Amino acid sequence: RKEVEQDPGPFNVPEGATVAFNCTYSNSASQSFFWYRQDCRKEPKLLMPVYSSGNEDGRFTAQLNRASQYISLLIRDSKLSDSATYLCVVNIDNDMRFGAGTRLTVKP
Amino acid sequence: SQTIHQWPATLVQPVGSPLSLECTVEGTSNPNLYWYRQAAGRGLQLLFYSVGIGQISSEVPQNLSASRPQDRQFILSSKKLLLSDSGFYLCAWSVPGVTPLHFGNGTRLTVT
Chain A
1 RKEVEQDPGP
11 FNVPEGATVA
21 FNCTYSNSAS
31 QSFFWYRQDC
41 RKEPKLLMPV
51 YSSGNEDGRF
61 TAQLNRASQY
71 ISLLIRDSKL
81 SDSATYLCVV
91 NIDNDMRFGA
101 GTRLTVKP
Chain B
1001 SQTIHQWPAT
1011 LVQPVGSPLS
1021 LECTVEGTSN
1031 PNLYWYRQAA
1041 GRGLQLLFYS
1051 VGIGQISSEV
1061 PQNLSASRPQ
1071 DRQFILSSKK
1081 LLLSDSGFYL
1091 CAWSVPGVTP
1101 LHFGNGTRLT
1111 VT
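Heads up: the protein sequence lines correspond to chains A and B, in order. Start counting the first sequence at 1; every next residue gets the next number (this note's numbering). Start counting the second sequence at 1001; every next residue gets the next number (this note's numbering).
So here's chain B without its partners, still in its complex pose:
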């Protein structure tokens, strides 16, 4: 069966520090991969999605970037965090096509 791992679960970082969140999927090949952010009390905002290695679509201009160095690995990064980057970051995968998303447990990021 397919599983998705996302870490860390919680993170507290100072403003201006770098960020790296990692997500890996097991049990499937060539998945679509997604990063979402959810601010407190708000809906899910699509940040990036990827349909293959090295293929990244960015939805919102910001100081975040994403990379997909391997088929089942998706990384979210920032060189310098802002206070507004605080939120609940969720990685998700799907089988290409019209299938649903499956989410990791999320990372709760607080930028202080």
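For reference, chain A alone in the conformation it holds in the complex:
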């Protein structure tokens, strides 16, 4: 079983749609969690951390469920500029593990 697994995608949605990504992790001792965004042929960039209480940044909401060992990312009112690959990251003792990524394409 992979340490971090993500929805395979791709997700193709119209502008204005709401889209959700999930990511599961295998190690219950994982300590911190993040969502990154990666544009084509670019380095990943931090989108937002994920907290147990849930956190929101504008149209983006991240959730962590430690009991079920999954994290989620919700994007509301999708924009064309949201098109990218979204990566979840799980950290345990400074060992940062990435999911394979979910590709999102927002279409006009």
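No wet-lab data here; the hints were simulated from the structure. These figures come from a predicted structure and were not determined experimentally. We treat Cβ as the ideally placed atom computed from N, Cα and C, and that holds for glycine. Careful, some of the hints might be misleading.
What the hints assert, rightly or not - Label pairs and their computed distance ranges (CB to CB):
hint, chain 1, residue 1, chain 2, residue 2, range
1, B, Ser1017, A, Pro14, 45 to 55 Å
2, B, Gln1013, A, Ala17, 39 to 49 Å
3, A, Arg41, B, Pro1018, 42 to 52 Å
Dock chain B against chain A, hints included.
Only chain B this time, still in chain A's reference frame:
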């Protein structure tokens, strides 16, 4: 503010040639440092990480090695490149603890 420099941006090397990629971080002390590789259309594979000078953890057995000769310098090397070493190599740093990674711009390596 902290910055990370990674070079070169692109590299084309023949099979069997050596490799040296360098990464330096400025504006922070004792960072955790990481090397990742991303094959075309694939996810990020952790290659090495370091929590201090001379301390290297290797994640995947292969013909690559890493060194950390100074606190903010991380080097990825190979004595003989294979075709399968082609990919997008990314250096990253973080503050020790539960903080996120910050990536360099990456090196796109093509082994021919």
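Tested hints:
no.	hint	in the structure
1	Ser1017(B) / Pro14(A): 45 to 55 Å	holds, 48 Å
2	Gln1013(B) / Ala17(A): 39 to 49 Å	holds, 44 Å
3	Arg41(A) / Pro1018(B): 42 to 52 Å	violated, 25 Å
Checked against the numbered hints listed earlier, the structure breaks hint 3 alone; every other hint is satisfied.
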